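Could you build all of it, start to finish, from the sequences and the hints given here?
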Amino acid sequence: MKYLIALIVGMATGAAAFAMLLYYNPLVAQNKLSPLSVTDNELISLNYSAVAADSLVYTNDGNSQITPHPAKVLQLWERPIRKTNAMATVLKDSRNQTVGIGIKFSSDSESSNILNGEVIVDSVWHIYLPGRGSLFVEQQENFWGYLREIVIPAYWSSGDSWRGIWNGNTTSGPGAIGTATVIGGSGAFRGVRTEAVEALAAKAYSVDRGPVAISGEITIEVPRPEPEATPGP
Amino acid sequence: MFKTFIAGILLGIVAAVAGLHFIPLVDQFREQSMIVVHPNQGNTESFHVNVPMDRIMIGAPTQNNPLPPGLGWPVDEKFADTRAELFKIRNGKDTVVGVASRIAASHEDSVDIIEWVLHLPARGSAYVTMHPEPAEGGYRVGEMTWGTREFAALEGLVTEQWVADVSGSEDAPAGRIEITTAFVRQLADEE
Chain S
1 MKYLIALIVG
11 MATGAAAFAM
21 LLYYNPLVAQ
31 NKLSPLSVTD
41 NELISLNYSA
51 VAADSLVYTN
61 DGNSQITPHP
71 AKVLQLWERP
81 IRKTNAMATV
91 LKDSRNQTVG
101 IGIKFSSDSE
111 SSNILNGEVI
121 VDSVWHIYLP
131 GRGSLFVEQQ
141 ENFWGYLREI
151 VIPAYWSSGD
161 SWRGIWNGNT
171 TSGPGAIGTA
181 TVIGGSGAFR
191 GVRTEAVEAL
201 AAKAYSVDRG
211 PVAISGEITI
221 EVPRPEPEAT
231 PGP
Chain X
1 MFKTFIAGIL
11 LGIVAAVAGL
21 HFIPLVDQFR
31 EQSMIVVHPN
41 QGNTESFHVN
51 VPMDRIMIGA
61 PTQNNPLPPG
71 LGWPVDEKFA
81 DTRAELFKIR
91 NGKDTVVGVA
101 SRIAASHEDS
111 VDIIEWVLHL
121 PARGSAYVTM
131 HPEPAEGGYR
141 VGEMTWGTRE
151 FAALEGLVTE
161 QWVADVSGSE
171 DAPAGRIEIT
181 TAFVRQLADE
191 E
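Order-wise, the sequence lines are chains S and X.
For what it's worth, our numbering labels the leading residue of the first sequence as 1, then goes sequentially.
For what it's worth, our numbering labels the leading residue of the second sequence as 1, then goes sequentially.
A couple of the hints might just be wrong.
[What the hints assert, rightly or not] The list that follows gives simulated cross-link-like pairs (lysine-lysine, DSSO-like), each with its CA atoms no further than 27 Å apart: (1) S/Lys2 - S/Lys32; (2) S/Lys92 - X/Lys78; (3) S/Lys203 - S/Lys92; (4) S/Lys2 - X/Lys3; (5) S/Lys32 - S/Lys92; (6) S/Lys203 - S/Lys32.
It should be emphasised that the hints constitute simulated quantities derived from the structure, not laboratory data.
Owing to the predicted nature of the structure, the values given are computational and were not obtained by experimental measurement.
Here it is as structure tokens:
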């Protein structure tokens, strides 16, 4: 009997040790430097509040931690869309001027793998900037850093909340250097194919309500028009 | 007994690794796709939105009854001619399989825009730009400008059409927006 107890306690210890190794794994670090920070091209910065109550509309399955907004919005309770959330929000530029509307669909990804520090969400943005045109952004986002540094500490906290300053890129693909794919649909962006990075800046998180003070930023690289070829001498 | 404890630790680590490796963290439920395959290897698929049941949001200025109730659409001249909508979308069996956004806009500085993003969580997304002028027969045609995951290798046309309900049934929708996709696999470079 004592051997069986030793085996069970040993297994629990081993599993706990492995969980701690995963949590503190220094090899899986959040990328805090934007891959677009070294570009010479123009960058469009679109900012939004990642707090559901600040959005125009935020909806999910209705049983998740984040409460849909407004309260009477249709919820995504059907089985094929239960692991999806939808948000419509106002987008602002770096001077805090309203520049457009963004709609984001995010779905939990089957490519998530905790062993590699990957909590992946497949997300797309449908963006309309009046006077400029429309854009579609496709990306995979990795929320492992966000979970590890904000959500889990909030659960461990006696106040069931987290406060601090956290900045991190959530975009992890499909671009090889961790960038999103951006496709221009209309207006000045028609035919444009470029890259973007989405980042979060968090200040407060609550176990009961989810994000309390978190803002998001989508940085889109605008490629320069290619110079017209001139005939040789 | 100490050896048993050490063996237990190793077993616990192996079990944790195996569990995380073999048990999927996320398993998106996928409805059976209702795709019709054609002899040219293309395929067509129909989706629809029951109106008003599947409408999540109508974002437009000067609405007497905003949807959802409590929606605070931005009061800004920029959005005077913009209409953004969110829907649930259904397959041919009338089962919800995804969500979609539709943005329609006209602006003095830019052309009329009618666009869809169809997002099917288990399959991927399709970004569709429609021709603003409707075709004969009351439907509108557009192209899939970009597709992700399952739609990434496809190209083709998408149509949208409003079909009013004529059943007269009390609990029937007012009508439906029918979205039909006709996709074919993109030609790969021959080299």
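To see whether the hints hold, each was checked on the structure:
1. Restraint check: the Cα-Cα separation between lysine 2 of chain S and lysine 32 of chain S comes to about 49 Å, which exceeds 27 Å; the hinted pair is violated.
2. This hinted pair checks out: lysine 92 of chain S and lysine 78 of chain X have alpha carbons roughly 13 Å apart, not beyond 27 Å.
3. Between lysine 203 of chain S and lysine 92 of chain S the CA atoms are separated by roughly 19 Å; this keeps the pair inside 27 Å, and the hint holds.
4. Distance hint between lysine 2 of chain S and lysine 3 of chain X is fulfilled; the C-alpha atoms sit about 12 Å from each other, no more than 27 Å.
5. Proximity of lysine 32 of chain S to lysine 92 of chain S is assessed by CA-CA distance (about 22 Å); at most 27 Å being required, the pair is judged to hold.
6. Restraint check for lysine 203 of chain S and lysine 32 of chain S: the C-alpha separation of about 16 Å stays at or below 27 Å, so the hint holds.
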